[in-house]
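*Asks:* Sequence:
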Amino acid sequence: MKIPLTPILCVITASLMFFTGRVQAADTLIYEGKSGPGVGKHIVFLAGDEEYRSEESLPQLAKILAVRHGFKCTVLFSLNSKDGTIDPNAGGNLTGAEALDHADAIVMMLRFRHWPDADMKHFVDAYLAGKPIIGLRTSTHAFSYKNPTNSAYSKYSHNSKAWSGGFGRQVLGETWVSHLGENHKEATHGVIEASQKNDMILRGIGDMFADTGCYHVDPQPDSTILVRANILDGTSPYSQIHPTKNNPHRPLAWYRVHKNEAGKTNKVFCTTMGSATDIRDEHLRRLLVNSVYWGLGFEVPEKADVKLVGDFAPSNYSFGGFRKGVKPADLALPANAIK
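First residue of the sequence shown? That's 89 in our numbering, and the numbers climb one at a time after it.
Source of the hints: derived by calculation from the structure; they are not laboratory data. There's no promise every hint is true.
To be verified - With a Cα cut of at most 30 Å, we get these calculated DSS-like pairs of lysine-lysine:
hint : residue 1 : residue 2
1    : K415      : K170
2    : K129      : K170
3    : K412      : K170
What the hints assert, rightly or not - Per label pair, the in silico range of CB-to-CB distance:
hint : residue 1 : residue 2 : range
4    : T332      : H190      : 42 to 50 Å
5    : T237      : E387      : 32 to 40 Å
6    : P125      : N424      : 16 to 24 Å
7    : N247      : K347      : 18 to 26 Å
8    : T332      : A417      : 45 to 53 Å
9    : T237      : Q328      : 48 to 56 Å
Glycine included, every Cβ here is placed at the ideal spot set by N, Cα and C.
Please put together the full structure from these sequences, using the hints given.
*Replies:* As structure tokens, then:
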């Protein structure tokens, strides 16, 4: 007996339309904004670190920018090659890198990645084209090519000698140096730099709290410091300021305008905050949203809407602490979530 195909196709189509985020490929997550200043602009998010749960924080930021502000947001992950699940430990994998060819801005939280040259080329081309770049936490040490002869892009490594400090130092403004605040023991209170309180990126923003430890950083001299760290002697927002680790108060967030090797200019924002648990802080979320507006040359709202989208119960940061068995399609939003 022949079964009519039309009802079956209708069911399949309805199933695909019910969720937004399953577009183009099962290994690529897309949130398509429908209204707001961001309509027509495409932000590509690069999630890939082993410790701080970027695979949770960046999808939430992407949801906020899509649902609240209208941007098209594509989130790319490192995936397990055998089963297609999100695997932060797969440092040599970036699935869907060609999305970078159509990015208007890049938001990245990467650590010690060593992608194949074919994938890295998409990233480098976007950088050389002058796309704005927003780097979170471990992005200061985003790349690590242990054998320089194996990649045409080895100079991007965090410890590069040929391009001192690699992509982190040369573009974001700093590379990996060391921890100053101790993770899980010494949280961080972010304080607005008084001289920059009227900067547009700081609109609607007050002091913030991050439960991650502060990095030892000294950004490039042309960087504008927006937020500095008070390292706390404990893990609560109410912990006392550490008696010995705040002289000087290290930068937590800054921006710079970088002229790259192709002669194009990148607007660059960097913060050493950004774990999934850090993103619970409303002021940090607004700082990141504002930095996207600034990078794209948009007028920054007086108080950007950064209300969390959907349930957000972030995992505590730790090595090996990622949620197993999750695929990008599992992070899709119901279609009616974006209006």
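*Asks:* State for each hint whether it applies.
*Replies:* Hints versus structure:
1. K415 with K170: 12 Å, holds
2. K129 with K170: 33 Å, violated
3. K412 with K170: 13 Å, holds
4. T332 with H190: 42 to 50 Å: 48 Å, holds
5. T237 with E387: 32 to 40 Å: This hint is violated: roughly 47 Å between Cβ atoms.
6. P125 with N424: 16 to 24 Å: For N424 against P125, whose Cβ atoms are near 22 Å apart, the range 16 to 24 Å holds.
7. N247 with K347: 18 to 26 Å: At 23 Å between Cβs, range holds.
8. T332 with A417: 45 to 53 Å: Hint holds: Cβ distance 48 Å, inside 45 to 53 Å.
9. T237 with Q328: 48 to 56 Å: 50 Å, holds
Of the numbered hints listed earlier, those contradicted by the structure are 2 and 5.
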